[in-house]
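Visitor: Read off the chains here:
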Amino acid sequence: MKLFRKYLDSIEPHFTNDGKLKNFYAMYEMIDTFLYTPADNTTTGPHVRDAIDLKRSMVIVVLALLPAFFFGTYNVGLQEALHGTGVTLQNINFDFLTHFLIGLKTVLPIYAVVFTVGGIWEVVFAVSRGHEINEGFLVTGFLIPLVLPPAIPLWMVAVATTFGVVIGKEIFGGTGFNIFNPALVARAFLFFAYPGDMSGDKVWTVDAMSGATPLLQASSQQGISATALLSGHFTWEQMFYGFIPGSIGETSTIAILIGAAFLLITGIASWRVMVATTLGMTLTALMLDSFGTAIGSTNSMLYLPPAYHFVMGGFAFGMVFMATDPVSCAQTNRGRWLYGLLIGFMCVVIRAVNPAYPEGMMLAILFANAFSPLFDYFVLQANIKRRVKRYV
Amino acid sequence: MANFYLKKGHNLKITGEPTKVLSTTIAADKVYLHPKDFKGIKPKLMVKQDDAVSVGSPIFYDKLNPDVKFVSPVSGVVSDIQFGDRRAIERIVITNDGSGKSVSSKSINIENSSKADLLKCLSESGLWPNIRQRPFSKIANPNQTPRDIFISVNTTAPFAPESLFILDGREEHFQSGLDVLAKLTSGIIHLNMSESETSPIFVNAKNVQHNKFTGEHPSGNVGIQIHHIAPIASKDDIVWYLDAQSVADIGEFLNTGLYPSHKIITLCGSSVLEPTYVKITKGASIGDILFEKLNPDKTRIISGDVLSGESRSLSQGIRFYDETISVIPECTEREFLGWALPGLSKYSVSRTFLSALLPKKPTNLNTSMNGSHRAIISFGRWESVLPMDILPEFLIKSILANDIEEMEKLGIYECAEEDFALCSFVCQSKIDVSGIIRSGLLLAEKEG
Numbered sequence: 001m002k003l004f005r006k007y008l009d010s011i012e013p014h015f016t017n018d019g020k021l022k023n024f025y026a027m028y029e030m031i032d033t034f035l036y037t038p039a040d041n042t043t044t045g046p047h048v049r050d051a052i053d054l055k056r057s058m059v060i061v062v063l064a065l066l067p068a069f070f071f072g073t074y075n076v077g078l079q080e081a082l083h084g085t086g087v088t089l090q091n092i093n094f095d096f097l098t099h100f101l102i103g104l105k106t107v108l109p110i111y112a113v114v115f116t117v118g119g120i121w122e123v124v125f126a127v128s129r130g131h132e133i134n135e136g137f138l139v140t141g142f143l144i145p146l147v148l149p150p151a152i153p154l155w156m157v158a159v160a161t162t163f164g165v166v167i168g169k170e171i172f173g174g175t176g177f178n179i180f181n182p183a184l185v186a187r188a189f190l191f192f193a194y195p196g197d198m199s200g201d202k203v204w205t206v207d208a209m210s211g212a213t214p215l216l217q218a219s220s221q222q223g224i225s226a227t228a229l230l231s232g233h234f235t236w237e238q239m240f241y242g243f244i245p246g247s248i249g250e251t252s253t254i255a256i257l258i259g260a261a262f263l264l265i266t267g268i269a270s271w272r273v274m275v276a277t278t279l280g281m282t283l284t285a286l287m288l289d290s291f292g293t294a295i296g297s298t299n300s301m302l303y304l305p306p307a308y309h310f311v312m313g314g315f316a317f318g319m320v321f322m323a324t325d326p327v328s329c330a331q332t333n334r335g336r337w338l339y340g341l342l343i344g345f346m347c348v349v350i351r352a353v354n355p356a357y358p359e360g361m362m363l364a365i366l367f368a369n370a371f372s373p374l375f376d377y378f379v380l381q382a383n384i385k386r387r388v389k390r391y392v
Numbered sequence: 001m002a003n004f005y006l007k008k009g010h011n012l013k014i015t016g017e018p019t020k021v022l023s024t025t026i027a028a029d030k031v032y033l034h035p036k037d038f039k040g041i042k043p044k045l046m047v048k049q050d051d052a053v054s055v056g057s058p059i060f061y062d063k064l065n066p067d068v069k070f071v072s073p074v075s076g077v078v079s080d081i082q083f084g085d086r087r088a089i090e091r092i093v094i095t096n097d098g099s100g101k102s103v104s105s106k107s108i109n110i111e112n113s114s115k116a117d118l119l120k121c122l123s124e125s126g127l128w129p130n131i132r133q134r135p136f137s138k139i140a141n142p143n144q145t146p147r148d149i150f151i152s153v154n155t156t157a158p159f160a161p162e163s164l165f166i167l168d169g170r171e172e173h174f175q176s177g178l179d180v181l182a183k184l185t186s187g188i189i190h191l192n193m194s195e196s197e198t199s200p201i202f203v204n205a206k207n208v209q210h211n212k213f214t215g216e217h218p219s220g221n222v223g224i225q226i227h228h229i230a231p232i233a234s235k236d237d238i239v240w241y242l243d244a245q246s247v248a249d250i251g252e253f254l255n256t257g258l259y260p261s262h263k264i265i266t267l268c269g270s271s272v273l274e275p276t277y278v279k280i281t282k283g284a285s286i287g288d289i290l291f292e293k294l295n296p297d298k299t300r301i302i303s304g305d306v307l308s309g310e311s312r313s314l315s316q317g318i319r320f321y322d323e324t325i326s327v328i329p330e331c332t333e334r335e336f337l338g339w340a341l342p343g344l345s346k347y348s349v350s351r352t353f354l355s356a357l358l359p360k361k362p363t364n365l366n367t368s369m370n371g372s373h374r375a376i377i378s379f380g381r382w383e384s385v386l387p388m389d390i391l392p393e394f395l396i397k398s399i400l401a402n403d404i405e406e407m408e409k410l411g412i413y414e415c416a417e418e419d420f421a422l423c424s425f426v427c428q429s430k431i432d433v434s435g436i437i438r439s440g441l442l443l444a445e446k447e448g
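The listed protein sequences correspond, in order, to chains A and B. Under the working numbering, the first residue of the first sequence carries the number 1, and numbering increases by one thereafter. Under the working numbering, the first residue of the second sequence carries the number 1, and numbering increases by one thereafter.
If you are wondering where the hints come from, they were derived from the structure by calculation, not from laboratory data. Note that the structure is a prediction, hence the values are computed from the model and not measured. Keep in mind that the hints are not guaranteed to be accurate.
Looking from chain A toward chain B, a few residues come up when the C-beta cut is under 10 Å (computed) [as the list claims (entries may be wrong)]: (1) 24; (2) 28; (3) 29; (4) 32; (5) 48; (6) 50; (7) 265.
The beta-carbon is built from N, C-alpha and C at its ideal position, and this holds for glycine as well.
Using the sequences plus the hints, can you model the full thing?
Guide: Below, the structure is given as structure tokens:
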């Protein structure tokens with residue numbers, strides 16, 4: 001350990017003041033503060049500081065993503081095996097390690113591409129702007145693969161990551177200034193640029209085999225209830241535990257909820273956003289159900305119960321890891337309630353009413369991201385009015 | 001009587017708590033006056049080097065308010081006057097001859113005195129600077145009449161002295177001080193205490209409204225209390241405030257005619273050997289105060305508490321308004337892979353370290369920043385320690401954007417940097433929230 005420290009101290013002069021590599025100080029700083037806590041001391045009050053920093057905050061989010069990552073990778077292997085002849089969920093061997101290792105063969109290259117491409121962009125922008133390399137990408141980079149279908153071509157991953165990091169974040173000024181969640185921007189880019197590969201049967205083209213996602217299944221036919229459409233293919237329990245096709249990290253609601261519990265206990269994610277999103281989804285689903293009955297609609301998705309919405313598609317993943325992004329969500333506590341309600345509402349409405357996109361969560365969050373400054377504006381004006389009233 | 005329950009805040013649990021014992025009075029060989037301790041004045045010297053002075057002799061005055069005098073707390077000789085840039089007075093050094101010779105004026109019957117008499121007497125006495133105003137936390141202007149006057153005897157800052165303890169034996173003077181203040185405003189004298197307060201000196205105090213506050217730091221800060229009792233509406237909505245010892249000082253001066261030249265402070269922090277309460281001469285050098293009480297390791301000496309105090313050297317005096325000297329270790333170590341460790345011994349208000357599962361016990365904190373500066377990201381940490389109906393993030397952003405109109409709407413005049421010190425403490429992006437508030441107040445005062 002001492003040796004590292006000595007080495008880092010010995011090369012530091014190259015990166016500071018008139019050193020030859022001073023333009024690359026951001027890279028030195030990244031490695032230096034990754035290995036050792038920063039050398040900065042306070043100069044003015046407060047002379048002591050809380051132990052938390054942004055690195056720690058981001059590491060907590062990555063830790064919360066691990067259950068979804070491990071299960072998702074395992075599920076990729078499992079789904080691949082399910083496409084073998086005569087293999088069903090009833091007779092398959094659920095052995096974790098076997099499927100996990102097979103899944104890793106698909107997932108690891110995606111991670112490698114995301115972190116290489118995204119990392120290069122981070123360094124390019126940090127060096128050209130002369131600021132530190134931000135930990136925010138750690139989370140974005142960990143999120144992007146989890147919202148992608150496992151069969152995605154790697155070049156698409158590279159393009160999407162570029163779009164997410166550059167257009168989603170850096171053009172606004174980097175972490176803390178972006179208005180949309182960069183990982184979602186990456187996913188939305190793929191969704192609109194290569195729609196054929198993002199929805200429909202092609203999603204699961206693993207070794208030329210395919211399978212529809214539950215959302216697609218549930219919305220596949222008119223005149224039959226969504227749960228009936230699902231019943232032959234997926235049970236609620238399967239969707240809750242995650243033994244279903246879907247984006248890598250999104251399938252297992254239970255794994256996501258374990259991460260959610262960790263985020264709430266550590267206080268990193270806003271519980272208000274999670275509660276409001278669930279509430280918005282539940283109310284909207286119930287509302288659409290009675291609305292559908294009233295007009296006698298044959299749209300199966302109108303009648304999907306909230307419990308199904310919760311475990312299907314990207315709802316849980318989006319709510320826990322995307323909607324709670326502290327940068328792109330509403331900045332006031334009251335605003336966060338409205339923001340969450342809007343996400344829940346939009347998600348169900350898009351799923352049920354829009355025939356083109358069976359998955360509504362991604363668009364719902366991006367939509368609410370765009371609205372969050374407006375919610376904050378209302379909260380701000382209310383605060384100003386309330387305080388003026390108290391002045392005598 | 002009004003009760004306030006504040007849910008937000010945090011009491012720092014750090015080592016070096018002073019024992020509630022008053023150690024022997026510290027002899028001051030020299031005292032230091034730093035005109036820069038006072039905000040918003042233009043000091044003009046009234047003495048030259050080698051002049052002889054007594055306790056209570058005027059040393060300089062404020063050109064903006066020539067009545068307001070700043071006096072010597074000891075008798076002796078002006079041994080040095082140092083100037084900084086543009087001949088601003090850095091410090092005035094007075095060598096103490098130890099005789100305690102004092103300028104004495106007649107004691108005054110408070111009840112029969114007019115407001116004008118009292119104002120003149122206080123301005124001349126050198127006690128006037130103890131009375132400060134909000135907004136801007138500067139010395140009160142004797143030509144203005146405050147809407148109300150606020151006194152907090154419920155100090156919650158880390159290791160701030162307990163008001164009851166430091167007023168022991170000065171109960172009468174304290175009440176006299178309150179009587180004087182009552183004559184200076186047509187408004188209310190608010191005496192703010194903790195909910196559990198039972199001591200007669202406070203609960204039986206006359207001429208005041210009693211307010212009780214429950215909550216963690218900064219609920220004892222007068223700025224937070226003003227916000228909850230009667231908030232400051234604008235730049236011209238002036239209220240005054242002062243601390244408990246100053247109230248007793250004012251009472252004592254009018255009762256005896258002598259300038260009270262001592263004050264009780266706490267010496268605390270993990271780098272102080274035997275932290276206690278001590279009685280010092282006002283303006284005593286920190287070197288004298290800490291003589292043989294300092295841990296020889298590398299330390300940070302702070303005049304004031306660890307959250308809102310100012311770093312000082314041994315050859316400077318304690319700041320005029322401070323009642324605490326804190327000494328903590330300077331951080332010199334860098335931890336390997338610090339961000340990834342479970343953190344069983346880390347001190348954090350957040351629950352991101354394993355230490356959150358253990359009972360909170362006093363921790364030895366040093367001056368490490370524990371991270372590096374990043375963009376503002378709202379995890380809601382600032383809000384969690386700010387018991388005010390103010391949106392800190394939007395206020396800070398409006399200050400950074402120099403948007404005075406927005407700052408005013410968001411309540412900049414209700415703010416003081418000390419009330420936001422905890423926001424800086426808990427911030428994961430290490431934003432200097434209190435420093436930004438200070439610059440916002442400066443801008444609003446100049447151009448608002």
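Visitor: Each hint needs a verdict: does it hold in this structure or not?
Guide: Consistency of the hints with the structure:
Interface hint at residue 24 of chain A: violated, since its Cβ lies 17 Å from the closest Cβ of chain B, which is beyond the 10 Å cut-off. The closest approach between the C-beta of residue 28 of chain A and any C-beta of chain B is roughly 13 Å, which is over the 10 Å cut-off, so the hint fails. Hint status for residue 29 of chain A: holds, given a least beta-carbon distance of 8 Å to chain B, under 10 Å. A least Cβ separation of about 9 Å between residue 32 of chain A and chain B falls short of the 10 Å threshold, and the interface hint therefore holds.
A least Cβ separation of about 4 Å between residue 48 of chain A and chain B falls short of the 10 Å threshold, and the interface hint therefore holds. Look at residue 50 of chain A: its Cβ gets to within about 5 Å of chain B, closer than 10 Å, so that hint holds up. For residue 265 of chain A, the interface hint holds, the least distance from its beta-carbon to any beta-carbon of chain B being 6 Å, beneath 10 Å.
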